[in-house]
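Taken in sequence, the protein lines are chains A and B.
Each residue of the first sequence is one higher than the last, beginning at 0 in numbering that gives the first Met the number 0.
Each residue of the second sequence is one higher than the last, beginning at 0 in numbering that gives the first Met the number 0.
Some clues are possibly wrong.
[Unchecked claim] One side of the interface only, derived from the structure: several residues of chain A facing chain B at Cβ under 8 Å:
(1) 18
(2) 46
(3) 47
(4) 48
(5) 51
(6) 120
(7) 124
Just so you know, these hints were derived from the structure itself, not from any lab.
Where is the CB? At the ideal position from N, CA and C, for every residue including glycine.
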Amino acid sequence: MPVSTAPKLKQFARRLLEWEAAPGEPADVRETAAFRVCEKLRGPLGKLMGIAGFRSLFSRALTLAGTEVSWLRVLQIKADGSLEGLQELEVQLNSRTADEGEIVLVARLLGLLVTFIGPALTVRLLHDAWPELDDLNF
Amino acid sequence: MKEKTMPARPLAKKESPPEKVKIRQLPTGVRGLDEILGGGLPEFSFNIIAGAPGCGKTTLAHQIIFANATPQKPALYFTVLGEPAIKMLRYQQQYSFFDPAKLGKAVRFINLSDVLLEKDMGAVLEEIIREVAACAPSIVVVDSFRTVVRKAMGEGTEGQLQGFIQRLALYLTSWEATTFLIGEYSEGELRDNPLFTVCDGLFWLTQNVERNSVVRKLQIMKLRGQDSVPGLHTVRITGDGLQAFSRTLGLVGKKDRPLKRRRLSTGIPELDQMMNGGILEGDSVLIAGPSGTGKSAVATHFLAEGLRNGEAGIAAIFEERPKGYAARANAFGLDLETPQKNGKLEMLYLRPLDLSVDETMQEILDAVKRLDAKRLVIDSLVGFEMALAPGFREDFRESLYRMIAALTGAGVTIFTTVEIEDSFTSFEFSHYTISFLTDDIIRLRYVEIDGQMRKILVVVKMRGGNHSKDIREYVITDKGVVVIGPRQTDYARLTSGLPERIGQVPAEMPPEPKAKR
């Protein structure tokens with residue numbers, strides 16, 4: 000039985016996903032919110048850890064998330080650390096299922112960051128990626 | 000033909016030569032290191048932090064960047080095939096100097112591993128230049144530069160490597176960055192290495208195991224533009240990061256003791272008389288004697304007397320815990336508890352077994368400074384030496400000499416106890432051959448008289464003038480050390496411990512009252 004993601008992390012992930020959702024664009028052309036969140040994290044984290052470092056961390060997050068939400072298991076992470084297949088897959092899912100998977104994936108990535116560098120530094124990194132969200136805190 | 004002459008110039012005022020460039024110094028953020036460096040890090044210098052794994056190279060670099068980086072003048076920390084940045088952050092944030100608020104804006108970590116793995120050193124240089132040009136950092140760190148060099152050597156010639164180092168040094172200096180390249184090097188690599196030729200500063204960290212203790216040292220092998228303190232300096236890594244202990248203990252250029260010196264009471268009136276009115280302020284006094292003769296009791300009297308006169312004191316004790324020490328003083332009617340609460344007395348219990356001499360001395364010096372102490376007791380030298388890591392014991396006398404000289408020079412009066420075994424053939428003062436450290440020596444010893452083991456004391460030496468040559472008997476009572484009777488004229492060869500009666504046999508005396516516990 001996989002250990003489920005902490006509710007606080009999910010809440011945090013939901014906040015980022017809501018911020019990145021772009022309701023103006025049609026669903027079939029817009030990037031998913033999870034893709035945007037991960038892309039925004041890929042920049043600073045890739046700089047910090049190297050693309051290989053980010054890729055390995057993201058792969059671990061995806062594996063952990065896949066134990067909770069099975070449809071995530073088919074996703075891939077490309078050599079440059081970007082997520083592959085999410086947009087195509089989500090078209091086939093209902094929005095609730097898709098949202099749940101996105102939240103778990105982002106929460107798992109944040110969870111790994113918290114595990115390794117602690118909440119203070121994680122929040123610091125997120126602030127740099129989302130300077131508009133000044134009330135981010137664990 | 001008229002001779003051509005130079006027009007006469009009006010007499011100009013004597014012009015002062017143009018000013019030399021003033022090299023600004025940056026703080027290291029490492030306690031004790033600025034002083035070792037001669038004031039701080041030379042700004043815009045190109046430095047190497049070298050040493051074996053686990054010496055504290057990365058931690059030193061982190062302390063430097065966190066001490067200096069601001070959002071306006073940030074620090075760039077390039078990681079290259081060394082410790083993964085995420086783990087580095089995980090561990091480094093445990094140190095008190097690590098300020099998470101600085102991360103991102105003031106302190107920026109950039110990973111160059113991918114560039115180095117996929118491209119070449121030229122690409123690494125380009126990437127560094129691009130980042131430096133983008134944010135004009137005040138400090139740049141490349142960790143580990145050794146991996147860059149290894150990659151470079153695998154690909155190109157030594158000439159290419161030298162060119163790379165030259166360009167890097169030139170570029171970073173031109174961009175007004177103070178640079179630190181971190182690398183794992185051994186001393187054998189020092190020769191003919193272009194990196195060490197180019198660099199302005201070379202910080203060498205070592206870690207040696209001496210029996211069961213680990214001893215870390217720092218040497219400033221090279222530092223252009225300013226005088227650093229030569230030699231090996233002890234380094235300790237704690238929750239606050241690195242702390243360096245200068246060989247000079249930070250005592251260079253401290254104030255001299257006053258020319259006119261007071262006589263200080265020892266708290267034992269008869270002993271004061273024997274010492275021509277007391278100890279000269281700023282003297283170093285050695286009390287030598289075997290176990291149980293009351294060396295600590297004499298030292299306690301000295302401290303308590305100072306406290307009575309409003310002089311703050313420090314007791315650096317190595318063989319007894321402060322509570323026990325104070326309780327014993329209390330049994331003599333000497334209160335060491337209240338002055339501790341009032342901030343007039345500090346009892347330093349220094350007993351971990353891997354202390355370095357310099358950090359122990361630093362603890363004492365810090366306490367003296369904190370309290371503006373006038374009296375210091377070191378009880379005892381044997382305990383002090385035992386508290387040190389074995390590797391430091393060789394340096395013991397030298398460091399002790401530096402500390403005592405500096406403290407007495409500043410007017411602090413020091414009482415040091417030393418335990419010696421009584422020999423019945425000689426009259427030793429100390430096993431340490433430290434009499435050169437001391438101005439005054441008081442010797443305590445046992446003598447066998449009339450079937451009793453009694454105690455005698457004698458002032459052997461007083462550098463500051465005349466003193467009594469009498470050998471006096473003393474007892475330790477509930478009043479502490481009490482010197483009794485005039486000099487013994489009924490006995491000869493008292494200093495041997497086995498005197499000969501040459502006077503009359505007195506009536507039997509009752510035993511002295513014992514100190515209350």
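Structure-based check of all given hints:
| no. | hint | result |
| --- | --- | --- |
| 1 | 18 | violated, 19 Å |
| 2 | 46 | holds, 5 Å |
| 3 | 47 | holds, 5 Å |
| 4 | 48 | holds, 5 Å |
| 5 | 51 | holds, 6 Å |
| 6 | 120 | holds, 5 Å |
| 7 | 124 | holds, 7 Å |
The structure is inconsistent with hint 1 alone, although it conforms to all the rest.
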